[in-house]
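**Q** Position chain X against the provided structure of chain F, taking the given hints into account.
The listed protein sequences derive, respectively, from chains F and X. Sequential numbering of the first sequence, starting at 0, is according to numbering that gives the first Met the number 0. Sequential numbering of the second sequence, starting at 0, is according to numbering that gives the first Met the number 0.
It should be emphasised that the hints constitute simulated quantities derived from the structure, not laboratory data. Ideal placement from N, C-alpha and C gives every residue a C-beta, glycine not left out. It is possible that some hints are incorrect.
Said to hold, decoys possible - Pairs of lysine to any residue, SDA-like flavour, derived with a Cα cap of 20 Å:
id : chain 1 : residue 1 : chain 2 : residue 2
1  : F       : K88       : X       : F180
2  : F       : K88       : X       : R8
3  : X       : K116      : X       : T210
4  : F       : K88       : X       : R178
5  : F       : K88       : X       : Q174
6  : X       : K116      : X       : R126
7  : F       : K88       : X       : W9
8  : X       : K116      : X       : H51
As the list claims (entries may be wrong) - According to the in silico footprint, chain X covers these stretches of chain F (three or more CB under 8 Å from chain X):
id : stretch
9  : 46-53
10 : 59-65
11 : 72-84
12 : 201-207
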Amino acid sequence: MEENLWRQLVDWFGDPAHWIGPEGVPTRVLEHVQISATALLICLLIALPVGLYVGHARRMEFLAVSVANLGRAIPSLAILAIVFQVTLKLRPESAFGFLPTVIAMVFLGIPPILTNAYVGIQSVDQDTLEAARGMGLRPRQVLARLEIPLAMPLIVGGIRTAAVQIVATATLAAVISGGGLGRFIVDGFAGYDEGEMLAGVLLVAGLAILTEAVFAGIERLATPRTQSRGRRRARTIRPDVEPIARPVS
Amino acid sequence: MRTEQPFIRWDWIWDHLDDIGTQLVEHLYLTGIAVTIGLLIALPLGVYAYRHRWAYPPLTWFTGILYTIPSLALFVLLIPFTGLSTVTAEIGLVSYTLLILIRNIVAGLRSVPDDAKEAALGMGYTRRQLLWRVEFPLALPVIVAGIRIATVTTIGLVTVTSLIGKGGLGTFILQGRRRDFFTMTFVGSVLSVALALAADALLLLSQRRLTPWWRRRPTVEPVPLKPVA
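So here's chain F without its partners, still in its complex pose:
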């Protein structure tokens, strides 16, 4: 049975008909990437400024926390279905295009970006900020020269989480009649075509893992070398150095 599956998969990928036209692999990959990239871009435009502001001004922190909690609690399928239905009511002509999927993915991507930006900015050492202010830096300079650079690893980490989640979940767009790589899975499933189904699985999983790898690379670049290993170790060691009378064991 397993060999048979393998055969079907190879046959499916080997069929040139699956590589051309509006339902071919390249088109679907492009669709998937387009949907995901558009959604991620909108997420960044909305979530980054808000997260940076909340972290910097330390105001409306409940907003960041509730967005994070709610974001985790809302099932992606639910958000897709609701957005689709609402689009169908309000703008039926765009319900079967990219629009509902992109909107749903924006809802999904905002929480990790916003939360991480907020946590990152907020966890910048108070003494450092105090020193900067003492040196005469204005609030905006503090944000641009200290807080954002120091929070960069966490901020990029949030973007990475959002990107992977968006790419993975955009698969479900096929369920609401959208495009993307999920089409192969849903259509293959509906038509008992195991070759097509598994090809879709492979493509989608591959794209998600590739996204993860790319953003992991960006995250590493965004982490200043001085801060990476040595600093983290220093931070974990510090409590031991504190002059607390320790029992000799």
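**A** Okay, now just chain X, sitting in the frame of chain F:
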């Protein structure tokens, strides 16, 4: 907005309270099994990775890949082997809990102060006693935080299993879409969100009950964990 029928038909909800209750229980059942099995797998692995540092990176690497694979893809991948069954759903759901649980178990155990461990060893505790009486209780808040994230995530993912014929409340979401009947989608969505939030609150409450000493230092954040959402 032009409407042939009301956006939400409350009478349908009233007439189908039985169905809704059944699916709600099914949803909880699928979630409960997944998190329980996930914990049973993650606890020994987490303890092992805590004691042997080399094991942690490969473990998070592997579970991280599992976590990255889109849920629908993972479910569908399993169909040729385990069919349209609860087993298929559970294998998928369990594999998504592993990364979150292992990460928090290890982070929790690592956060136990050396002083406490040394004191216990000095009092003659064996390694097993140390684990059960000192390390686990002190790591509990972080571990429960992991269980909370895993539970809430699983409640969301259960809705996706509706596509392979399971799904609990997700069944309503999918049926509502297929029949173009918004009321069903609405019921499924709202209840699954409510379920997730309720589970989150309940676990937070039980964590406070289990570890009353934790409340005395409310400012301490349990290790800057990277939010996995």
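**Q** Which numbered hints turn out to be false for this structure?
**A** Violated: hints 9 and 10.
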